[in-house]
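Q: If you're matching them up, the sequences are chains A and B in order. So the first sequence is numbered by our numbering: it starts at 11 and just counts up by one. So the second sequence is numbered by our numbering: it starts at 11 and just counts up by one.
Source of the hints: derived by calculation from the structure; they are not laboratory data. Fair warning: there could be bad hints in the mix.
Claimed, not checked - Facing chain A, a subset of chain B residues (Cβ under 10 Å, in silico):
#1 68
#2 128
#3 173
#4 186
#5 189
#6 204
#7 216
#8 231
#9 235
#10 237
#11 238
#12 308
No experiment lies behind these values; they were computed from the predicted model shown. All C-beta atoms in this analysis are idealised placements derived from N, C-alpha and C, irrespective of residue type, glycine included.
Number of protein chains: 2
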Amino acid sequence: MAEGGPAWVAADWGTSHLRLWLMDAGGAVLRRIDAPCGMSRLERDGYEPALLALLEGVLPAQGHLPVICCGMAGAAQGWCEAPYREVPCPAAAAEGAVEPELEDPRLRVRILPGLCQKAPADVMRGEETQIAGVLLGSPDFDGVVCLPGTHTKWADVRNGEVAGFKTFMTGELFDLLPRHSILRHSAAGADWDEAAFEEAVAQALSVPHALMAGLFGLRAEAILNKASAGTCRARLSGLLIGSELAAARALWGGRPVKLVGEHKLAALYQKALVQAGGAAENLDSEITTLNGLRAAYRALEEQTS
Amino acid sequence: MAEGGPAWVAADWGTSHLRLWLMDAGGAVLRRIDAPCGMSRLERDGYEPALLALLEGVLPAQGHLPVICCGMAGAAQGWCEAPYREVPCPAAAAEGAVEPELEDPRLRVRILPGLCQKAPADVMRGEETQIAGVLLGSPDFDGVVCLPGTHTKWADVRNGEVAGFKTFMTGELFDLLPRHSILRHSAAGADWDEAAFEEAVAQALSVPHALMAGLFGLRAEAILNKASAGTCRARLSGLLIGSELAAARALWGGRPVKLVGEHKLAALYQKALVQAGGAAENLDSEITTLNGLRAAYRALEEQTS
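Next comes chain A alone, as it looks inside the complex:
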């Protein structure tokens, strides 16, 4: 290994992006690399070259560099399928890791499996590693881990295990509707009206079916009452997140919630949860992912040593 080079590499290989962290032997981050080579842009034989290109300068002259990878690289359409582990089971993701065959002997890659739930059918890939990261700091946590994002996950965590979970397409709807639906005329852009967000959350929490009944109203408010794009956009977000909270209340009601997601989005969920009578703590998403990958690396090294 080059002096000062990484001891191992933590990797989060998502649908659209790959994030790498070069780690030293003590678990500190030497460097972070972001690349737009997610699963959706790669063929199966494109993963190893993509990784080699990004790590070329830090590959060891002798031996190999371990890469611990969570996310979509383990999907059936990814690099090497890591079959889902079925809940209830520990979040810790080293068990069931798969190792793709590589051309280059200077790399050794392990891909962590996701979780599945048979009924109601649900799947996750990557978030299980974040949940393991949460539990690294709070091994006795009994509550809910909510991971807001394109597909927001709510995981019921008890006895050190993931007992069950539920996915909502809220983030994807918030991305799609202002781009592809009639709301593109009323809710595009990046403006934001915080009061409109809070009102819409309250409406979604108190009125059943507020989302279905309210979507076209966003457009009509813009036509008839000149509601601004920022107001429409914040109302749409509030209707979506409020409806998600109403639908997920059986999971989080009366329990502590730990939120792990991009900062602004997690703050919206936290605010809405408080409006709904819940309580949530925000955790840093990157630290949590890294903690989960650190735990997996440690467990895999113990297996092989």
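Fit chain B to the supplied structure of chain A, relying on the hints for placement.
A: Below, chain B without anything else, positioned relative to chain A:
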């Protein structure tokens, strides 16, 4: 007027398409013309040339050919704005018709206004003419006219007036989600599983928040249980239509419903309404539109004669 030429032209100028019907003096259809020149593809000065190109062969040597037009041609972004009439008001759409200035003296165009509702904010353009068409055959109808489509409208009709209405984006969601969301991997194509549709309608009618909670499950069912594209697609439709019916129950519960829409879609709504304990009659959409335009033509001719 050329011998055997039309006495007037009925026009439905929508967002994506223009439909014209050449009418004889007795109100019979001589010919139907479909053209892909909807509002979304035209600048303001493109409407007259588009119409002239389609009607060139039937324009009169002397006098003018009346064109009665409903739909998006009257929108603020359309040809000539026909300001919304506010409910409660009669559906009959001749009142408030606007006349764009034309270059060619052989045409005389009247554009019928849509309806608006101030609170909750809602708008329609074109459907008011179909409602007027329904009332032409049933002037004393007291009930609900449901117009399924991209933006499904539910109109509360009583005392010969539209008392109020509500729009749902159900059709647009059903179009968007299998094309642009993660469901494109599971619900694309045209296959259909009728039993899955019925189950999903039942679920949406009985479980609050079934839509929000169920969307990602369609994808997970495909991954874990190899649910077919036809099953996912029919479930998505059932979740959407069932959720719409649940959200609109205050409108249609205990009242007769007349459905006006594309045949297959109207049949799905009818089936779902029966499942939900309602009763609906299906009316032919084209006949209904034409009846509304006939009524408007008659009223406008009386005004000008």
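Q: Enumerate the violated hints, using their earlier numbering and listing them in ascending order.
A: 1, 3, 6, 7, 11, 12
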